[in-house]
Structure formats: C-alpha cells, structure tokens
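Student: The chain contents come next:
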Amino acid sequence: MLRDVTFGQYFPMDSFIHKLDPRFKILLTFGLIIVAFVSFNFYSLGLVAAFAVLIMILSGVPVKFYLKSIKPILIFVLITAVLNIFYISGETLLVEFWIVKIYLEGIIRAAFVAVRIVLLIIISSALTYTTSPTSLTDAIENLLKPISKLGVDTHSFAMMMTIALRFIPTLIEETDKIMSAQKARGADMETGSLMQKIKAVLPILIPLLVSSFRRARELADAMECRCYHGGEGRTRLKVLHASYRDAIALISSFILLSLVILLNILF
Amino acid sequence: MEPLIRLNNVSFSYPDENDTKIQLLENFNLEIEKGSFVSVLGHNGSGKSTIAKLFNGLNLPDSGSVTVNGMDTADESNMLSIRETVGLVFQNPDNQIVATIVEEDVAFGPENLGLPQKEIRKRVDEALKSVDMYDYRMHEPHRLSGGQKQRVAIAGIIAMQPECIVLDEPTAMLDPQGRAEVMDIILKLNRQLNKTVVLITHYMDEAAMADRVVVMDSGKIIADDTAKNVFSQVELLKSAGLDVPQPTELSYRLKKAGIGIDCDVLSVDECVDAITRKLLEE
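Quick note, the sequences are listed as chains H and C, same order.
When we follow the numbering used here, the leftmost residue of the first sequence carries the number 1, and every step to the right adds one.
When we follow the numbering used here, the leftmost residue of the second sequence carries the number 1, and every step to the right adds one.
Keep in mind that the hints are not guaranteed to be accurate.
[What the hints assert, rightly or not] Just some of the chain H residues that point at chain C, by a computed CB distance under 8 Å:
#, residue
1, Arg226
2, Arg236
3, Leu240
[Said to hold, decoys possible] Capping the alpha-carbon separation at 20 Å, the derived lysine-lysine pairs in PhoX-like fashion look like this:
#, chain 1, residue 1, chain 2, residue 2
4, C, Lys228, C, Lys238
5, C, Lys53, H, Lys238
6, C, Lys228, H, Lys238
7, C, Lys34, C, Lys21
8, C, Lys21, C, Lys220
9, C, Lys255, C, Lys220
No lab work stands behind these hints, which were simulated from the structure alone.
Quick caveat, the model's predicted, so the values are computed rather than measured.
The beta-carbon is built from N, C-alpha and C at its ideal position, and this holds for glycine as well.
With the hints as constraints, model all of the structure from the sequences given.
Tutor: Right, dumping it as structure tokens:
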C-alpha cells in the first residue's frame with residue numbers, strides 16, 4: 001500500500017531532459033510554473049500544455065507514471081473545480097435550482113483551473129522523475145551558494161536532504177513491517193473513532209522513531225569510516241556543467257514565455 | 001616487520017544504561033600483519049565488534065594505544081589517513097549506504113578524500129567491477145537484494161583503496177545466497193586484490209576460510225592460531241559458547257568414541273576423505 005508512493009521517485013534513463021543541468025532544470029521548473037500562472041486564456045494555457053507534453057515525451061518516462069502522480073491530488077483538483085463552478089457568475093445561465101446557479105463561464109473557469117493544476121504537477125514531476133535526488137540536492141547546494149557566504153551551512157543542509165531522500169524507501173519498508181507485526185499482535189488500525197485511530201498509530205510510530213535513531217547512529221559511523229568530514233575539500237563524481245542542451249532548453253523556454261505574453265495580450 | 005595494526009595494552013570500557021562502567025577489554029594485545037586474512041570469532045558480547053571500531057579510531061582506548069602503520073589513532077591529525085588505510089564494513093547494509101544511486105554511493109568515500117573527478121570515476125568503476133556490481137551502477141540501492149547491497153557497501157570501501165578492510169559481521173543479516181556472494185568477494189579481496197582482511201563473525205565456516213583465527217571470549221583472546229589448530233580444540237570452542245563446524249564436530253565425536261580420525265578436518269570433503277581412509281585401513 002505504502003509502496004505506491006511515486007513522490008520524489010527517479011527513473012534513471014538517458015533522455016534529453018535527464019541530461020540537462022539540474023540547476024537549470026530547477027530554475028526552468030520554477031519558470032514554467034510561473035508561466036502557467038500568468039497564462040490567462042486557453043490559447044496561452046494550451047501552449048504551456050503543449051510544452052508540458054513535449055517535456056513528458058522528451059523525458060522518456062512512461063506517461064502512465066505522470067498520470068499516477070496526478071492521482072493523489074485529483075481530489076484537490078476536483079474540489080477546486082467544483083468551487084469554481086458554483087462561485088463564478090457570468091452571463092450564460094445553464095442550470096438554476098434553489099440558490100445554486102451554474103453559469104457557462106463557471107464551467108469554463110473550472111476547467112481552466114483544473115488544467116492549470118494538472119500542468120503544475122506534471123511539470124514538477126518531470127523534474128523529480130528525471131533528476132536523481134543526489135543531483136537535485138547538489139544543484140540546490142550550488143544554487144544556495146551565495147547564501148553560504150553569509151555563514152549559512154548549505155553543505156550540511158544539502159547532505160541532510162540527500163540522507164532524508166535516501167531513507168524514505170527504507171523507512172516505508174520498515175513501517176510496513178512494524179504495521180504487520182502490530183497487526184499480528186492484534187492491533188486494530190482500521191476501525192474505531194478518529195481518536196482511537198490516532199492512538200493506534202503510536203505503537204507504529206514509537207518503534208519507528210527508536211529504530212531511526214539507531215540507524216542514524218550507524219550511518220554516522222559508516223560515514224565517518226568513509227572519511228566524511230563536512231563539505232570542506234570534498235570533490236564530486238559528477239561535476240555540474242551546462243551544455244548546449246541547457247541553451248536549447250533556456251531559449252525554448254524564453255520563446256514560450258514571449259508567446260504566452262503575446263497570446264495573453266492578443267486575446 | 002611492523003604489523004599493519006597493533007593494539008598495545010588496550011583497555012576499553014563503556015557506560016551502560018545506568019552509567020556504570022562496563023570494562024570490556026583489559027590489557028588487550030593484538031597485531032594484524034600486512035596482507036594476512038584474519039578472522040575474529042566470538043559470540044555476542046565477546047568484544048569482537050568493539051575491537052573493529054578500535055582499529056580505525058571510531059573507538060578510542062581508555063589506556064594503551066592502537067597504531068595503524070605506526071600512526072596513533074588517538075592523534076586527531078592522523079584520523080583521515082588512518083581511515084583511508086583501514087576501511088570498515090558494518091553488518092546492516094541499509095545503514096551504510098548514503099546515496100540514492102549505486103555509483104554515487106560508491107563515490108562517497110573518494111569524494112571525501114578530495115580526489116580529482118577522473119580518479120573518482122576510475123575508482124568507482126574498478127570497485128564496482130571487483131564486487132560484480134558494475135551492471136547495477138545506475139540502480140537504486142533499495143531495490144537490490146541484501147547480498148547486493150552489502151557488495152555495494154564493500155565497493156564503497158574498496159574505492160577508497162585502503163590497505164586493510166575490516167568487516168564486522170557482514171553476512172549476519174543476509175540469506176544463504178547473499179552470504180555466499182559476500183564471502184566470495186571477501187576471499188577475493190585477500191587473494192586477488194592483496195588486501196589485509198579482518199573478518200569479524202560468529203559463523204565458524206566463514207572463520208575457517210581465514211589463514212589465522214582469533215577466538216574471543218569476554219574480552220579476552222582464548223585462541224589465536226591457524227584455522228586447523230583452532231578448530232581442533234573443540235572443548236575450548238564449546239566453552240566459549242561457539243559451535244564448531246559440523247565435519248570437525250563429527251570427527252571429534254568419532255575420536256571420543258574411540259575411532260581416531262584426524263581431528264582437524266574443516267570441510268565436508270576433508271571429512272569424507274578422512275573417514276574413507278580410516279575405513280580402508282580396517
């Protein structure tokens with residue numbers, strides 16, 4: 001059950017998107033999210049959608065995984081859409097009963113908002129699907145470098161993120177095991193009031209916490225054995241460097257931005 | 001010749017939950033020769049894991065000294081060169097792997113040593129090839145089997161090119177197949193890559209592969225000899241709470257029953273030979 005989580009999952013492949021410099025990818029992802037937000041009509045949003053589809057295809061990651069990433073957020077999308085249907089008033093009245101009035105404009109608006117949210121998820125999934133957590137944190141460390149001059153320890157921050165990401169699957173597996181063990185001892189986690197359910201989580205959480213501390217200690221020992229002594233004097237297997245691909249990605253993103261602005265103005 | 005690792009009159013204690021000192025080692029002496037394959041055998045709490053951590057300065061002795069290639073582990077300035085010389089592999093592979101991609105994890109040690117990128121690449125590839133995990137270099141560690149994960153952890157140490165690799169019960173959490181895979185690699189480390197290997201274990205059959213077997217009980221060395229000589233002392237091993245390998249046990253019991261065959265047989269094949277010889281004689 002817990003193993004279905006696709007968040008932060010990485011698909012090691014050799015596509016154009018995979019080969020982009022992770023620093024650029026992070027910046028472009030933010031850029032694209034902003035572009036999706038400043039698209040005010042269907043023409044410009046359609047263009048962003050076409051761009052997102054292009055990214056999906058170029059990434060080489062099967063489309064079904066992108067659909068999977070939308071699934072957990074679908075409820076949120078639906079609620080937002082429904083709220084928009086009821087709240088937006090316009091000129092073309094479609095349905096009216098009791099105090100509810102649904103306008104064509106509301107439905108259009110709801111569809112628009114839903115598409116926008118789905119696009120945001122696809123764009124950010126494309127980032128995590130094509131970038132290994134290590135290079136992601138490398139890139140963040142690199143992008144945060146200016147702050148480290150102010151005395152903020154960006155290396156430790158990046159290392160903590162790497163370790164956190166590394167241990168997500170391990171801890172999920174362990175949670176599964178502890179749950180089975182507690183169920184075998186007769187623990188009931190499915191029925192009862194909310195309060196009872198919260199109480200049922202404790203016998204899972206406490207062993208998990210205790211074992212995490214033990215793991216942390218062992219990992220610290222293992223890291224020390226491998227000569228870890230902070231970021232000072234550390235070199236990297238994969239040095240980040242921009243290539244012609246990043247230039248292509250950058251230029252096409254700028255073209256997209258200008259087209260979106262143009263379409264916003266024209267229609 | 002100066003031994004690679006020397007524990008000289010080492011005492012070591014640790015506080016238990018109630019903060020009372022537990023004296024684990026007292027005036028403990030041990031030398032590990034360059035290029036040797038030594039196994040340290042003992043049941044839980046015999047102090048065998050403690051000495052593994054003393055070897056590279058993860059534990060420091062209360063008194064006495066530990067030297068690696070003549071460098072004192074108590075001297076902070078030696079720390080990095082000592083850990084570059086003596087690599088340590090632990091029991092649980094899950095708690096040793098730092099990165100989310102196999103090759104990035106193997107690169108962790110060389111990266112900490114500040115090596116140039118080309119050299120890191122070369123060492124990572126060589127290390128992965130030597131543990132037969134090169135084809136898995138782009139995989140995520142949590143999708144590998146226990147034996148594969150432990151081989152990745154070993155590769156992470158090999159990539160630092162230490163003179164000596166200490167393995168603290170590396171197979172304790174593995175299934176039989178994983179154990180066999182890891183033992184193959186450990187033998188290869190010593191025989192082909194000429195590393196000094198210290199294998200800490202409570203499995204007799206693993207310990208028997210070493211040139212020299214050190215048996216520990218309650219912080220003391222009770223036997224230190226070749227595998228054959230150690231395993232022929234069946235009573236001593238049993239008193240230390242250890243089980244002897246089955247072939248040795250069989251020949252020991254035969255001998256006790258008045259049927260004398262060589263008592264120092266270690267492998268099943270040797271045992272079969274000894275018994276056939278005995279039968280042919282009669």
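Student: Decide, hint by hint, whether the structure agrees.
Tutor: Against the structure, the hints:
no. : hint                : verdict
1   : Arg226              : holds, 4 Å
2   : Arg236              : holds, 6 Å
3   : Leu240              : violated, 11 Å
4   : Lys228/C / Lys238/C : holds, 16 Å
5   : Lys53/C / Lys238/H  : violated, 31 Å
6   : Lys228/C / Lys238/H : violated, 48 Å
7   : Lys34/C / Lys21/C   : violated, 34 Å
8   : Lys21/C / Lys220/C  : holds, 18 Å
9   : Lys255/C / Lys220/C : violated, 29 Å
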